[in-house]
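Assemble the complex: chain G is given as a structure, and chains H and W must be docked to it using the hints.
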Amino acid sequence: MTLQFLVDGLMAGALIGLGAIGVTLTYSILGFANFAHGEFITFGAYATLLIASAIGAFVAGSDQSIGPLSITWAVIAASVAAIGVTGAMALALDFVLFRRLRGKSAAISLVLASFGASMAIRASLEFAFTSRPTYFARDLQIATPIGLGLKVTPDQIALLIATAVVLMATHALMTRTQVGRAMRAVAENPSLARVAGVNVDETIRVVWLLGAALACVSGVMLGLLVQIRPLMGFDLLLPLFAAAILGGIGSVPGAFLGALIIGLGEAATVQFAGAQWRAAVAFVVLIAVLIVRPSGLFGRSG
Amino acid sequence: MIGPLLSVENLVAGYEPGLPIVNGASIHAGKGEIVAVLGPNGAGKSTLLKAIAGLTPVSGGRVKLGERDITRLPAHEMIEAGLAFAPQTENVFVSMSVDDNLKLAAGPLPRLLRIERIAAMYGAFPDLERQKSLIAGRLSGGQRQMLAIARAMLVQPDVLMLDEPSAGLSPKFVEIVFSKLAAIRQTGVTIVIVEQNARAALALADRVYVLVQGRNRHEGRARDLLDDPVIAALYFGGVETEAEAP
Amino acid sequence: MPDLGGVLAYVSFFLAMALINAIACLGLNLQWGQTGLFNVGVAGFVAVGAYVSALLTTPPSDEHLGGFSLPIVVGWLGATVAAGAVSAFVGALTLRLRADYLAITTFGVAIVAQLIALNAQKLTGGTFGIAFIPRPFESLAAAPALFNLANFALVAIVVGVLYVALERLARSPWGRVLRAIREDERAAMALGKNPTRYRLQAFALGGAVMGLAGAIEAHFIGFIAPENYQSALTFQIWAMLIVGGSGNNAGAIVGACLIWALWSASGLAISVLVPPEFEARAAALRIVAIGVLLAAMIVLRPRGIFAERAIVSRFLDEETGGEASP
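Chains as they are written, first to last, in the working numbering: chain G, 1 to 302; chain H, 1001 to 1246; chain W, 2001 to 2326.
Hints are computed from structural coordinates only; laboratory data are not their basis.
Certain hints may be false.
Beyond 12 angstroms from chain G on every Cβ pair, some chain W residues (computed) [said to hold, decoys possible]: (1) TRP2032; (2) GLY2160; (3) TYR2198; (4) LEU2300.
Derived coverage of chain H by chain G (criterion: at least 3 residues anywhere in the stretch with Cβ under 8 angstroms from a Cβ of chain G; other residues may be distant) [stated by the list, open to error]: (5) 1053-1062; (6) 1097-1107.
All C-beta atoms in this analysis are idealised placements derived from N, C-alpha and C, irrespective of residue type, glycine included.
So that you can see chain G by itself, here it is in the shape it has in the complex:
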């Protein structure tokens, strides 16, 4: 029996984790489960692909891989730009759709609207890019043995490092900055936040930008390590929600821990039961959490 599934699980966990952090923040601060979050991930990946292709065409040498990684300068620059584009898309969606429903309708209408929006965005991407999978780079990576019969590729190591950095940065933002305190305040009590001088509308815009940025990074990483296709974000949605709920809505470390658990669970399932059952793991975890402790690992009880 090989322990390689531990490495795969860690990678899957990291990929889910980047998105789960964004979901837990938008869920707790905006107050609803955004079914379009998966599409932010997909959109970010395609935006990066498009911009990277353009950069690669016009800037000589930008489409060369950097060292042993499969990422190129073009992709790095493109993802920075794509974060902006995805953020703009999220803000536009809020302006056109969610803002009109906030405060006037029950939160569940926002979920319903996000469902419709997700369908439209996903189909738009399918219209523009077809459903054929595509990739950032064509080169295969060499997996290096690291002992105990485990192998990792340079991309995978980079993913872990990037995820750790994002995790720490987001946690620091939430706990040590005024912006983070404002977001936590709005998550708990928007009315009191206003009284304390917080511009709630502005804070909401920041949350959308942050969520979209995290989703975009997640999409790029997923595109680099796996592939890019219109359903990539949608297929991640259930694991994202399950991870956020497992960790406790609003907890950044919790969402990441939840993602790791689900990632490892999925890898173990692939190893011992077959790859076709991978998608069921998130559902099983979700049901288990809802039965045992609905507030999640780091959520407040009751």
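Below, chains H and W without anything else, positioned relative to chain G:
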């Protein structure tokens, strides 16, 4: 300054457009004055404060702070205008630490000033300093009220409004809170409080308004109302039933 | 001389399918329109109904388990009960929690249902699905016009019965309590009603109706496969309800026919007008259009074309304040 600092005239406010809860209420408070708003349950006292603070939609009337018309000012800009509000329940962020609650309130201030003000606030509220890392949800009712006041006072407002500061507090803590408010008034801050505990409010306030069904029903000096048993019986349920209070 | 038989066959087929969708839509209306519960996995409950009915009524086969060759009616009944049971389970788990936990869980149900249908080869026939499902009026199968007409009549009767039953349910004491819970939960609780129990019953009943729709469709077409029950189906049913009028059973039926017509017409237009290599893209565009329509209707006309009679808005007293969300 000449004239009232806070001036509310014929305010009409409520959540449903056709169903105002505040229906033509007027109050005035001068600099350094303590004004109490009393009245039976459902009179619209809380809604009045919320309307002034910008939390409840206003459909008529006017609110002025000094020369400035703040009737339709967004709630989050009130602090900067000089008006602070401590709501009744849910008056602190229970998921954040005491320190974070204060840091949040100090938000708009530049960093050095923020540190200085928070240190000064801890000086005025030593109990809070001792518990600065504690999650606010773990504070006792009295300490939460103190934190709510500290939070509101952090940006040094001209007017401080409190909605039932004595709610749920033991008599000992009511006394502590109210003497704190008296001390705050000594620094020149105008205070407006809504209260069910009429006795404590009358002891603290300079002037009193009585609101019934969203309108003014009575106005006068606190001392005068304290002495009038008929008025007391009519409006101040709190005075009569103090013996029954838990 | 137009082929009247062919036209009749097509129109009956079209209407039968529209009404089958209407049944699922009626189930969704009970869950959302009348109880305010958001089911994002409608396709999953329809699939449960379809597969249970198929497995109960098909003859024994090497391709899959089950095959009890039971009568069609038993299949339909089993489908209804099974879908209702799954709904009850999901509801019991999530109704006491936040409203969107139900949404997420039903979403998961649809995904897992699809997963099982696709991968549990022995149970469900895998990607090939289940074939030779017994059809009502099998003896007429040789004459498509008559066959489709007869089935259409059958489905229409089912829809009629369901409509009457659901309308009476809505006006019954049970229905009134449900409406009261929707408008002012605290008042209903003060009268001793347990909101969670009523919501659970409504949700389970709605899910059961969806299962029935799945079963009826399975027996009408004669074969089922996992690809019939993907998120596009959930999306379709939702579009039907939102456009037709949530909270209104007649609206659900009309919306179903309307969206089905739009869907079929656009599908026809695509296959006729669009070159084959672009068909998939055109189909995607169709979904974009419906997604935008859905979102637009939620914002502009949340009560749909047939608006539910206006509900008296909640009384908000001093204590509760006003905000639903930030």
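Exercise for review: Check whether three or more residues of the region 1053-1062 of chain H sit with their beta carbon closer than 8 angstroms to a beta carbon of chain G.
Suggested key: Held - the region 1053-1062 of chain H has 3 residues with a Cβ nearer than 8 angstroms to chain G, which meets the minimum of three.
Practice item. Count the residues of the region 1097-1107 of chain H whose CB lies closer than 8 angstroms to any CB of chain G, then report whether that count reaches three. Key: holds (count 5)
Review point. Can we confirm that no CB of chain G comes within 12 angstroms of the CB of GLY2160 of chain W?
Key: Non-interface label on GLY2160 of chain W holds, nearest chain G Cβ at 29 angstroms vs cutoff 12 angstroms.
Exercise for review: Find the nearest Cβ of chain G to the Cβ of TRP2032 of chain W and say whether that gap is larger than 12 angstroms.
Suggested key: Given a closest Cβ separation of 8 angstroms, the condition is violated.
Point to revise | Status of the stated non-contact between LEU2300 of chain W and chain G (beta carbon gap over 12 angstroms) | key: Violated: least Cβ distance 9 angstroms, not greater than 12 angstroms.
**Study point:** Status of TYR2198 of chain W, Cβ more than 12 angstroms from any chain G Cβ
**Key:** Its Cβ never comes within 12 angstroms of chain G, the nearest being 17 angstroms, so this holds.
Of the numbered hints given earlier, the model fails hints 1, 4; all others are met.
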